[in-house]
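S.K.: Keeping the supplied structure of chain A fixed, place chains B and C with the ligand upon it in accordance with the hints.
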Amino acid sequence: MSRLDIQHGVVEMAHGSGGRVSATLIDELFIRHFDNALLKQGNDSAQFEAPAGRMVMSTDAHVVSPLFFPGGDIGSLSVHGTINDVAMSGAKPLYLSASFILEEGFALAELESIVISMAAASREAGVPVITGDTKVVERGKGDGVFISTTGIGVVPDNVQISGDRAEAGDLILISGYIGDHGTAILSSREGLEFATTIVSDSAALHGLVAAMVEAAPEIHCLRDPTRGGLATTLNELSRQSAVGMQIREADIPVRAEVRGACELLGLDPLYIANEGKLVCICPAQSAEALLNVMQNYPLGSDAAIIGEVVSDNAHLVTMKTRFGGQRVVDWLAGEQLPRIC
Amino acid sequence: MCLAVPARVESLDAAASSAIVNLDGIRKAISTQLLDEVAIGDYVLVHVGYALERIDPDEAEKTLLLFDELKAIEP
Amino acid sequence: MKYVDEFRDGEKARRIAALIEQEVEADRDYRLMEFCGGHTHAIFRFGLHALMPSNLKYVHGPGCPVCVLPAGRIEAAIQLVEAEKLILCTYADLMRVPAGKRDSLHRAKARGADIRMVYSVNDALAIARNNPEQQVVFFAIGFETTTPPTAVAIQIAQAEGLKNFLVYCNHVQTPPAMSHLLASGEVSINGILGPSHVSTIIGSDAYADCCNNHHIPIVIAGFEPLDVMQSTLLLVRQINAGRCEVENQYSRAVTPDGNRKAQALMANVFEQRPLFEWRGLGALPDSAIQIRSEYADFDAEKRFAITDIATADIKGCICPAVLRGLNDPDECKLFATACTPEEPKGACMVSSEGACAAHYSYGRFKSETGA
Ligand code: SF4
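Chains as they are written, first to last, in our numbering: chain A, 1 to 341; chain B, 1 to 75; chain C, 1 to 371.
You may find that some hints are simply not true.
[Said to hold, decoys possible] Derived pair list, reagent style PhoX-like, types lysine-lysine, alpha-carbon separation capped at 20 Å:
1. Lys62/B to Lys2/C
2. Lys109/C to Lys141/A
3. Lys302/C to Lys163/C
4. Lys315/C to Lys333/C
5. Lys302/C to Lys85/C
6. Lys2/C to Lys85/C
Because the hints were derived from the structure by calculation, they are not lab data.
Source: prediction; values computed, not measured.
Next up, chain A with everything else stripped away, as it sits in the complex:
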């Protein structure tokens, strides 16, 4: 019989104490929903056979407010985020770990729906959560729930993807519309509420990446433009590769609603977060074929070539505006806040 009152219960300090109450929470919530053989080994660590080849590992801490937003929640986000970080090396993600920091008083019903959404995301991606941990902090010392996930994966032999490999002459591709995730989050933020059909683009991209590296193992860089948006990612890659970039505003896919929300709040779509998009930099001769592969894949159907890598000692990202001018696309300064002037 279940001793966990999911419907009415809340997280208590005892849920993180390591005692019987902790065990109940783990059994009835995490093991039940994540449901896989490695997790069920019930040890403090999961054991598995190591595949041959180079392994990659990536970890990501997830804090998001609100916890539930149009198109996802912190649970699905924490799975997609880490899978994508692993996949951006060209790797096939294998396993995930998850650790939860819960705030005392957090409703178990909400926690369950987060865990269910996480489990669904991991099942759909075919990347199981095989080990984890839970701690509880006193009320007021957390924001409901924080989730850290770590992922490991294995890189195909012929693939050599890294942020420092962009070369002058390479072309820059984006896998679809930018700014959806950040706009969805803003729309549900207290005080800013606006109604929109935009939902977060949160998605696991490893399938798309697998198709891309199969078609073009010579890809130089892949990165997901999450926090700080496309602008920040391009600046990171420019610096890492010691090159400049030239992009074209007219070719960057931005939905009308995202543009509308940005005009309203004085923000720039180039700096708005994405959770299901990738930037790809590849040799010019591979770009068309790669674009085709991406566009034939559901998560890349709106992919576009948006610019090229140039040599530039100042490592600037510049953009030809729709208007016909040129401007620098700088790093994000501070955080992107709505402005009135």
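M.R.: Below, chains B and C with the ligand without anything else, positioned relative to chain A:
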């Protein structure tokens, strides 16, 4: 200074002096307290959640026509 | 986006540019002050400089409400929120503006002060309603555009008997600042791109005195790039003809009288303040407003006896000169070295409408690539 964007009035709540405006699919509740008159379909300039002024479609048209007259000139 | 996209047409821009090129007289210098940060932002974001003839220069003006707020007023707000343990609501624009001693609202918030960013003054009202046991102070900044909403909020608070809602009034007025700049005679300009959204409220007639007293052409200009360019053309024509008038290019939103209802609301709640300190311009008489005594219950300055704090600006920061159009940002020694958007030393580097921030984010292309 003073970020204000034109948005279309979609519905009005006269009692509350508020309106729902639409900006390319984004809907937001704003105050119409600063306007004497406003009708559904009007475009208003939205600043810090308030409609500042209605946009006069005829004047906008006139300004645009001025640009069009420049067509004769080759850049 | 209707009423936006039509005014961002690059091809039409090039036609207007060609016309400007044709009409400017080679032996004349055209120094046009764009009064508003909104114009500065548009000029940089759309690269309008590059489209202009070499003897036409845009000079930045003081029209960014964040930039002209003196550090002392921010410091006073920080002291208030920390000493009184109240809730301070502010537009996000102010968060990173340097107060004295390397402080800012942002840092005060990190130290534990209850500072909340709001999109509208109505959100501050809602916070006051939801926290009846706490005092909620709204940090009101802005020109005539942003003032009427504050007036409405104070009236609502009075109607509702919302006793815990207070306003720290820092609203300032544009025409006095413009007159002051021109009267000082420091800046050499021969035309002004006048405020667009301020003018929707105060009307284009509000600049008549300024124009007549100082013999300077003024064109009320919209914030979209084609608006700015067309207004530039109108100014060039006035200058060439030796005319000196207030023209209204932004006629789709600005009338000669402005928004009478909003003016009446402001007059009901606010009165002239004898003297107010502007960052960069100094203390200007009759250039700002304060809450009328009828609404004294909602006046944070009265309730907490807030006094002005004098703070020195950072050494080396030439914001005051930049705000008066005397210097370009890249003439500041700190520009892009010690002073960046990440670590702003002066207010002009914070707001994306500030001349230094605009130069930094969009303008460096020209200087760094030689294009
Ligand atoms: S660059 Fe910085 S320090 Fe220099 S004037 Fe501008 S804001 Fe002040």
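S.K.: None of the hints should be skipped; say for each whether it holds.
M.R.: Taking the hints in turn, this is what the structure says about them:
A threshold of 20 Å between alpha carbons decides the hint, and for Lys62/B with Lys2/C the separation of about 15 Å falls inside it, so the pair holds. Simply put, Lys109/C and Lys141/A have alpha-carbon atoms about 16 Å apart, close enough for the 20 Å limit, and the pair holds. Taken as a hint, the Lys302/C and Lys163/C pair is honoured in the structure, with Cα atoms around 14 Å apart against an allowance of 20 Å. About 10 Å separates the Cα atoms of Lys315/C and Lys333/C, which keeps this hinted pair within 20 Å; it holds.
With a CA separation close to 17 Å, the supplied pair Lys302/C and Lys85/C stays within the 20 Å bound. Pair hint Lys2/C plus Lys85/C does not hold up; C-alpha atoms about 45 Å apart against a cutoff of 20 Å.
Of the numbered hints given earlier, the model fails hint 6 alone.
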